[in-house]
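Quick note, the sequences are listed as chains F and H, same order.
Per the working numbering: the first sequence = residues 3 to 117.
Per the working numbering: the second sequence = residues 2 to 114.
Treat the hints loosely; a few may be bogus.
Stated by the list, open to error - Straight-line Cα separation of at most 25 Å, DMTMM-like style, residue types lysine to aspartate or glutamate; simulated pairs:
| hint | chain 1 | residue 1 | chain 2 | residue 2 |
| --- | --- | --- | --- | --- |
| 1 | F | K104 | H | E16 |
| 2 | H | K10 | F | E63 |
| 3 | F | K18 | F | D57 |
| 4 | F | K104 | H | D60 |
Said to hold, decoys possible - With beta-carbon atoms standing in for the labels, derived distance ranges:
| hint | chain 1 | residue 1 | chain 2 | residue 2 | range |
| --- | --- | --- | --- | --- | --- |
| 5 | F | G64 | H | R110 | 38 to 44 Å |
| 6 | H | Y11 | F | A83 | 32 to 38 Å |
| 7 | H | T114 | F | E17 | 39 to 45 Å |
| 8 | H | I61 | F | G64 | 18 to 24 Å |
What the hints contain is simulated information worked out from the structure, not anything from laboratory work.
For clarity, every value in this text was computed on a predicted model and none was experimentally measured.
Every residue gets a Cβ at the ideal spot worked out from N, C-alpha and C, and that includes glycine.
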Amino acid sequence: AQKITQTQPGMFVQEKEAVTLDCTYDTSDQSYGLFWYKQPSSGEMIFLIYQGSYDEQNATEGRYSLNFQKARKSANLVISASQLGDSAMYFCAMRENIGYQKVTFGIGTKLQVIP
Amino acid sequence: DGGITQSPKYLFRKEGQNVTLSCEQNLNHDAMYWYRQDPGQGLRLIYYSQIVNDFQKGDIAEGYSVSREKKESFPLTVTSAQKNPTAFYLCATTGASGSYEQYFGPGTRLTVT
């Protein structure tokens with residue numbers, strides 16, 4: 003079974019609108035971490051936001067927020083006030099407690115922001 | 002500047018040749034990783050190392066080899082045994098505290114013909 007599932011191959015959003023990128027995960031660990039990364043066309047991976055499994059509050063970093071629903075095992079990324087520079091691939095990833103420094107990535111969602 | 006360097010950015014090789022991809026970091030991070038990315042795909046773990054002189058196979062280690070003789074360096078060799086070596090290769094590190102987010106290098110795009 004896939005550990006990280008991103009079901010949206012591509013998304014479009016109008017500039018200045020908000021967009022939600024979906025991510026569900028599968029783990030039997032109690033302690034784990036969830037990450038979102040952005041990959042522009044240049045190829046580098048940029049860390050955006052982190053949510054720990056024991057964090058009660060949803061993580062926020064500027065225009066990025068993570069909608070963490072533990073019971074549903076979902077960790078959706080919300081980007082508010084989209085900008086043209088947000089056009090990129092977005093990857094959800096998970097670090098499990100076992101082999102704690104090993105991270106599993108989803109296949110990504112391509113976001114395109116329309117002017 | 003602190004960061005991760007990978008060289009070269011583009012690499013071309015003939016089939017049957019071994020090739021070594023460089024990854025150097027000055028972040029003083031213990032853990033280093035190599036990932037492979039194919040078009041339209043996520044990242045797949047090749048090898049990782051948590052300390053010097055120690056490394057573990059990831060999910061797709063066949064046809065690859067690594068060494069970790071120094072904390073700063075984690076070179077990846079793509080051997081002739083790797084059946085489909087053409088891909089984008091990313092090196093990453095992880096710090097020892099906090100969320101363990103990964104820091105990535107700019108990547109090397111390897112083309113084998």
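Taking the hints in turn, this is what the structure says about them:
no.	hint	result
1	F/K104 with H/E16	violated, 31 Å
2	H/K10 with F/E63	violated, 30 Å
3	F/K18 with F/D57	violated, 29 Å
4	F/K104 with H/D60	holds, 11 Å
5	F/G64 with H/R110: 38 to 44 Å	violated, 30 Å
6	H/Y11 with F/A83: 32 to 38 Å	holds, 36 Å
7	H/T114 with F/E17: 39 to 45 Å	holds, 41 Å
8	H/I61 with F/G64: 18 to 24 Å	violated, 34 Å
Hint check: violations occur at hints 1, 2, 3, 5 and 8; the rest are consistent with the structure.
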